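J.: With the hints as constraints, model all of the structure from the sequences given.
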Amino acid sequence: MDIFTISLWIITIIWFAVSIFKDKKKTFNSIKMSSGMMRNMIGEIIGILFLIGLILTFIPPETIKKYLGQSNIFLSTVISAFLGSITLIPAFVAFPLVGSLVNAGASIVPIVAFLTTLTMVGIVTFPLERREFGFKFALVRNLLSFGFAVIIALLMGVVM
Amino acid sequence: MFLTVIIFTYIFLLIFMTDKGIKSFSNSLYYVKEMVIIMPVILLLTSLIEAWVPKKTIENALGEGSGVKGFLFSFLLGSFSAGPIYAAFPVCKTLMKKGASIANIVIILSAWAVIKIPMLANESKFLGPEFMMARWVFTVISILIMSIITSKIVKKEDLPTDIKEENKDAVLRVDEHFCIGCGLCTKLSPDDFVMVNKKAKVNRKVSKEEENEKIKQAMDKCPAKAIDYV
Numbered sequence: 000m001d002i003f004t005i006s007l008w009i010i011t012i013i014w015f016a017v018s019i020f021k022d023k024k025k026t027f028n029s030i031k032m033s034s035g036m037m038r039n040m041i042g043e044i045i046g047i048l049f050l051i052g053l054i055l056t057f058i059p060p061e062t063i064k065k066y067l068g069q070s071n072i073f074l075s076t077v078i079s080a081f082l083g084s085i086t087l088i089p090a091f092v093a094f095p096l097v098g099s100l101v102n103a104g105a106s107i108v109p110i111v112a113f114l115t116t117l118t119m120v121g122i123v124t125f126p127l128e129r130r131e132f133g134f135k136f137a138l139v140r141n142l143l144s145f146g147f148a149v150i151i152a153l154l155m156g157v158v159m
Numbered sequence: 000m001f002l003t004v005i006i007f008t009y010i011f012l013l014i015f016m017t018d019k020g021i022k023s024f025s026n027s028l029y030y031v032k033e034m035v036i037i038m039p040v041i042l043l044l045t046s047l048i049e050a051w052v053p054k055k056t057i058e059n060a061l062g063e064g065s066g067v068k069g070f071l072f073s074f075l076l077g078s079f080s081a082g083p084i085y086a087a088f089p090v091c092k093t094l095m096k097k098g099a100s101i102a103n104i105v106i107i108l109s110a111w112a113v114i115k116i117p118m119l120a121n122e123s124k125f126l127g128p129e130f131m132m133a134r135w136v137f138t139v140i141s142i143l144i145m146s147i148i149t150s151k152i153v154k155k156e157d158l159p160t161d162i163k164e165e166n167k168d169a170v171l172r173v174d175e176h177f178c179i180g181c182g183l184c185t186k187l188s189p190d191d192f193v194m195v196n197k198k199a200k201v202n203r204k205v206s207k208e209e210e211n212e213k214i215k216q217a218m219d220k221c222p223a224k225a226i227d228y229v
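First to last, the sequence lines map onto chains Y and F.
In this text, residue positions in the first sequence follow numbering that gives the first Met the number 0: the first is 0, and each later residue adds one.
In this text, residue positions in the second sequence follow numbering that gives the first Met the number 0: the first is 0, and each later residue adds one.
By construction, these hints were calculated from the structure, which means they are not laboratory data.
It should be emphasised that the depicted structure is a prediction, and the values quoted were computed from it without experimental measurement.
Misleading hints may appear alongside valid ones.
To be verified - Derived DMTMM-like pairs: lysine to aspartate or glutamate, alpha-carbon spacing no greater than 25 Å straight-line:
no.: 1; chain 1: F; residue 1: LYS197; chain 2: F; residue 2: ASP219
no.: 2; chain 1: F; residue 1: LYS204; chain 2: F; residue 2: ASP227
no.: 3; chain 1: F; residue 1: LYS198; chain 2: Y; residue 2: GLU43
no.: 4; chain 1: Y; residue 1: LYS24; chain 2: F; residue 2: GLU212
no.: 5; chain 1: Y; residue 1: LYS31; chain 2: F; residue 2: ASP227
no.: 6; chain 1: Y; residue 1: LYS23; chain 2: F; residue 2: ASP219
no.: 7; chain 1: F; residue 1: LYS204; chain 2: F; residue 2: GLU175
no.: 8; chain 1: Y; residue 1: LYS21; chain 2: F; residue 2: GLU58
no.: 9; chain 1: F; residue 1: LYS54; chain 2: F; residue 2: GLU212
no.: 10; chain 1: F; residue 1: LYS96; chain 2: F; residue 2: ASP168
no.: 11; chain 1: Y; residue 1: LYS31; chain 2: F; residue 2: ASP219
no.: 12; chain 1: F; residue 1: LYS32; chain 2: F; residue 2: ASP18
no.: 13; chain 1: F; residue 1: LYS200; chain 2: F; residue 2: ASP174
no.: 14; chain 1: F; residue 1: LYS197; chain 2: F; residue 2: ASP174
no.: 15; chain 1: Y; residue 1: LYS23; chain 2: F; residue 2: GLU212
no.: 16; chain 1: F; residue 1: LYS220; chain 2: F; residue 2: GLU208
no.: 17; chain 1: Y; residue 1: LYS25; chain 2: F; residue 2: GLU212
no.: 18; chain 1: Y; residue 1: LYS31; chain 2: F; residue 2: GLU212
no.: 19; chain 1: F; residue 1: LYS198; chain 2: F; residue 2: ASP219
no.: 20; chain 1: Y; residue 1: LYS31; chain 2: F; residue 2: GLU33
no.: 21; chain 1: Y; residue 1: LYS25; chain 2: F; residue 2: ASP227
no.: 22; chain 1: Y; residue 1: LYS24; chain 2: F; residue 2: ASP219
no.: 23; chain 1: F; residue 1: LYS198; chain 2: F; residue 2: ASP227
T.: Now the structure itself:
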């Protein structure tokens, strides 16, 4: 285990102990709620993890490197941002997937664009957002998020 | 559904291209192992945040002219929440009725989407702490700029006004668009809520007059604020 994961475990376990000590019922009620949420995702999580194996076996790293690493970065970034906007998978399962692509040689710029639009821009959830906040708000927020996702991605490419 | 396709692909491979199947499986194992290490701690962390972060105090400090404090609290609220972005819509709607500004709503929605604490832990696990922190910094700055731009373009008048009339015939309902299927309401009030296809439903007709403590608690605790009388 890396140092980050270990410290996360330690902090969480201490907090958990304090939480049980202070209010046992409250603690277990919210654990029940989160595990309910998790249970809905578990199929997707397992599916994605085993999809990663298939990708790594059948798509050679050279291909990943070629399309997500060396070719026109700006173009692949905009395409990734668009893919992220229409995809509806929880970020939780997206991280191992994109992590495996980065390990295989993908550039982080399109990867960051995908991650950011995946969660912040929602074409599928657009009708819901419009219903709650009106057309103008939903349009402005989604367009700005798309633009900034590309900017964040390019900046990440500069610093990393 | 998705999982079924993956399983069949593996069965097919193991029969016809055994070596590729085994290779895929062993490629995946590393990621499975990493996920098993990080998942329980994320689950626990999400629960603890849900139980102990005083969201009510935060929500009451978001009005017009709340300034820097409002921005900060919006970031906190979004960062310490659970569930996908559309689970944030009804929460923000409620906040707007309480007077939260447009800029603060944009911050909450965006922070809710990208910079939730448990998700940052997961990102750091699979992409490295430096990656996570750099993206966090850029994202926070971007969200701040976006919220200011949005509040300049979109005014409160542009938002739909649907102040609900007190409807005497209104019955208790779970909005299926927003329900995230956590099942909390079925545990708090098992007589009134059931799970159907991973979504909560009210299993009998309940009018406002029949409201009891259990229903009230379920409405209040629902992480997506999806339970209401319509």
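J.: Hint numbers the structure violates, sorted upward?
T.: Nothing - there is no hint that the structure violates, so all of them hold.
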